[in-house]
Amino acid sequence: MRLLIIEDDRESADYLVKAFREVGHVADLASDGEEGLSMAEGGDYDVLVVDRMLPKRDGLSVIGSLREKGNRTPVLILSALGQVDDRIKGLRAGGDDYLPKPYSFAELQARVEVLSRRNVGPAEETTYRVGDLELDRLSHRVARGKDELTLQPREFRLLEYLMKHAGQVVTRTMLLENVWDYHFDPQTNVIDVHISRLRSKIDKGFERPLLHTIRGAGYMIRDGLR
Amino acid sequence: MTAFGKLIRTTAFRLTLVYLFLFALFAASLLGYFAWNTRRLINEQITATVNVETTEITDIYTRRGLRGLVYTLENRALRPGANLYLVTTPEGKAIGGNVGSLSPGVMASTGWSETAYRRLDEQDTADHRALVRVTELTNGFRLLVGRDLDERRRLFGIVANAAQWSLLVVIVLGIGGGIFVARRVLQRIDAMTGTTRRIMAGDLSGRLPVGRSGDELDRLAENLNAMLERIEALMMGLKEVSDNIAHDLKTPLTRLRNRAEEALASSGSEAEYRAALERTIEESDGLIRTFNALLMIARAESGQARGNMDDFDAADVARGIHELYEPLAEDDGMTLRVKTANAPLHGNRELIGQALANLVENAIKYGKPSPVVQPMDPVVAARTREILIEARREGNHVLLSVTDHGPGIPEADRKHAVERFVRLEASRTLPGSGLGLSLASAVATLHGGELRLGDSHPGLTATLVIPALSAAGDRLAAQTPDVPQKVA
Chain A
1 MRLLIIEDDR ESADYLVKAF REVGHVADLA SDGEEGLSMA EGGDYDVLVV DRMLPKRDGL
61 SVIGSLREKG NRTPVLILSA LGQVDDRIKG LRAGGDDYLP KPYSFAELQA RVEVLSRRNV
121 GPAEETTYRV GDLELDRLSH RVARGKDELT LQPREFRLLE YLMKHAGQVV TRTMLLENVW
181 DYHFDPQTNV IDVHISRLRS KIDKGFERPL LHTIRGAGYM IRDGLR
Chain B
1001 MTAFGKLIRT TAFRLTLVYL FLFALFAASL LGYFAWNTRR LINEQITATV NVETTEITDI
1061 YTRRGLRGLV YTLENRALRP GANLYLVTTP EGKAIGGNVG SLSPGVMAST GWSETAYRRL
1121 DEQDTADHRA LVRVTELTNG FRLLVGRDLD ERRRLFGIVA NAAQWSLLVV IVLGIGGGIF
1181 VARRVLQRID AMTGTTRRIM AGDLSGRLPV GRSGDELDRL AENLNAMLER IEALMMGLKE
1241 VSDNIAHDLK TPLTRLRNRA EEALASSGSE AEYRAALERT IEESDGLIRT FNALLMIARA
1301 ESGQARGNMD DFDAADVARG IHELYEPLAE DDGMTLRVKT ANAPLHGNRE LIGQALANLV
1361 ENAIKYGKPS PVVQPMDPVV AARTREILIE ARREGNHVLL SVTDHGPGIP EADRKHAVER
1421 FVRLEASRTL PGSGLGLSLA SAVATLHGGE LRLGDSHPGL TATLVIPALS AAGDRLAAQT
1481 PDVPQKVA
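Chains as they are written, first to last, in my numbering: chain A, 1 to 226; chain B, 1001 to 1488.
Hints listed in this document are in silico derivations from the structure and should not be mistaken for laboratory results. The reader is advised that the hints may include incorrect statements.
[Claimed, not checked] Residues from chain A shown here face chain B by an in silico Cβ test under 10 Å; the list is partial: (1) Met39; (2) Asp85; (3) Leu176; (4) Phe184; (5) Pro186; (6) Ile191; (7) Asp192; (8) His194.
[Stated by the list, open to error] Only part of the chain A face toward chain B is listed, based on derived beta-carbon distances under 10 Å: (9) Pro100; (10) Pro153; (11) Asp185; (12) Val193.
For every residue, glycine included, the Cβ atom is placed at its ideal position computed from N, Cα and C.
The task is simple: from the sequences and hints, build the whole structure.
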């Protein structure tokens, strides 16, 4: 995956470039808004990571002019402003995701990877499959092998989101945002409890677990350990 | 600026000067009008008298000839306060009357004129003035009848005198009064200025002096005092908050540092380093959460989050939060139930959701029944492990409440419990930032409502009371909270 990071703080920028390279991505760096805009226009990137406050040209304005020119590259906005209305402003300006600072790299990586998949443009399939687990989005049926599973509506949506991003790490906050539509940070392990319930329904009694906990990051659904 | 300079620059003094000028003008014009009218009246009286006498004397002359005329004049001249009479020959020689001398040329023309004169019997040389009428008799004789103008002059003198004195008195009293009023005002303003200087210098306990008269300055002072009271309370609150922040953030920071130091000092294995680093990250995540909560509270309290408000049903929020927390409660051995009725409101769905989530998290954390020695009826025991989320509408308000059957919060502690970083004795050992209730309260305040803590015998009922959506007025009320805001 090719990434462009537009961030003016040298240290965090270098850290991001190094960290993304270590997990196997190609990361370029622009240190101000103007440079970022021209690089984003010229290069063929899968995801842009844009700091909200940049010298020369504000992050939101960079996104705005990219979108105006028809550039649809997914953008993740990084910002020290983490409030609800700031996020809404960022998303309205054309951002695809918003991550308040300080963030954990695992969270950023998970979000960037999910965004980049969108860039490839997977068809909104009606059936998701992971191993022998099958989810039908139209009839709301879930089956593992020959066994029909009964899920609560919210468990269904949780599994749907996980399977849509099968093979990718999904963090707790991503789940809270996308499945429950809440953007706050719960002080308790409320998401873990939902996951463990779901896990007891889809993995219990089966030889190969599909729903994995990724330490320090979140969860991932995939068939076996490749 | 000198004291006098300050005095004459006061509004009171300037106003006094303006009034003084206006009063003086008024008095002068009144007296002038009076004087002018008096003069006119006297002139009219003199004219009338002189006319009557001229007619009489002319009549006597016609009937009794020159001799009769002279005789009548001599007679009349002897009366006390007599008028002036003079008869001259066509050559201009005086042949009768009581006038010794006149301004030259008076007798030359007939009609009215004002002249200086002297009586025949007068010894002094002082000039008098008179209003005289000269009439041409037959045969070229001329008759002068006139009256002294002394009366008019005296009267005019009195008026002028009165005008002088009254002007003097008006000016003296006016300036004196102006200085008195200005000094009084200036003294009070100086007292106020002194107090405000002290306050600006940092002594927030200073208050403006308030008199007993209840005048405009007293009312101003009272209002300023109320404002100072508020500022002092805010500053105290701010200080308390910053002390608390310092304490509650320093403690985890110290822990963080100690752990890192300890890991560095010990020659541990890679696994040990890893564990230490992971704990460090966990600890800093906790700090970040605390910061986020603080920022959120500050934002809610300052009213900045008023954007992003829309109409929604609090019942949906209640069901959503129930759905989110139900498994967690169950894992903790509690039962989370929800009971909703239509509860429309205008607000920030995200914030209301978070406030309710905080209340539910609190109930799960702290709402466990206190251990009892005697075995309980299983039905009652099940009831005490129940947490109820309720959304309903009561009158003009939407009530979003969370009820548990734990130890509750003693009445005396309830107000305190809402404050930032306050963790009541009972909860000190459990994890948490002490910001949950503060945030819930700030969110309620932002929406023009409040957070109420009540007793559920036993247990705690925490209720978000928020103005309901019904009329436009409600929405307006929601945007202008009149509930006193907590310290930002």
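Evaluated hints:
Hint status for Met39/A: violated, given a least beta-carbon distance of 31 Å to chain B, over 10 Å. Hint status for Asp85/A: holds, given a least beta-carbon distance of 5 Å to chain B, under 10 Å. Because the smallest distance between the Cβ of Leu176/A and any Cβ of chain B comes to about 8 Å, under 10 Å, the interface hint for this residue holds. A distance limit of 10 Å between C-beta atoms decides the matter here; for Phe184/A the minimum to chain B is near 4 Å, and the interface restraint holds.
Using the Cβ-Cβ criterion of 10 Å, the hint placing Pro186/A at the interface with chain B is satisfied: the shortest such distance is roughly 7 Å. Hint status for Ile191/A: holds, given a least beta-carbon distance of 9 Å to chain B, under 10 Å. Interface restraint check for Asp192/A: the shortest CB-CB distance to chain B comes to about 9 Å, inside 10 Å, so the restraint holds. For His194/A, the shortest C-beta to C-beta distance to chain B is roughly 6 Å, which falls under 10 Å, so the interface hint holds.
Restraint check, Pro100/A versus chain B: the minimum CB separation of about 8 Å is within 10 Å; hint holds. Among the interface hints, the one on Pro153/A holds; its C-beta lies about 9 Å from the nearest C-beta in chain B, closer than the 10 Å criterion. Because the closest C-beta pair between Asp185/A and chain B is about 6 Å apart, less than 10 Å, the hint holds. Annotation: Val193/A was flagged as interfacial toward chain B, and the flag holds, the nearest CB pair being 4 Å apart, inside 10 Å.
In this structure, the one hint that does not hold is number 1.
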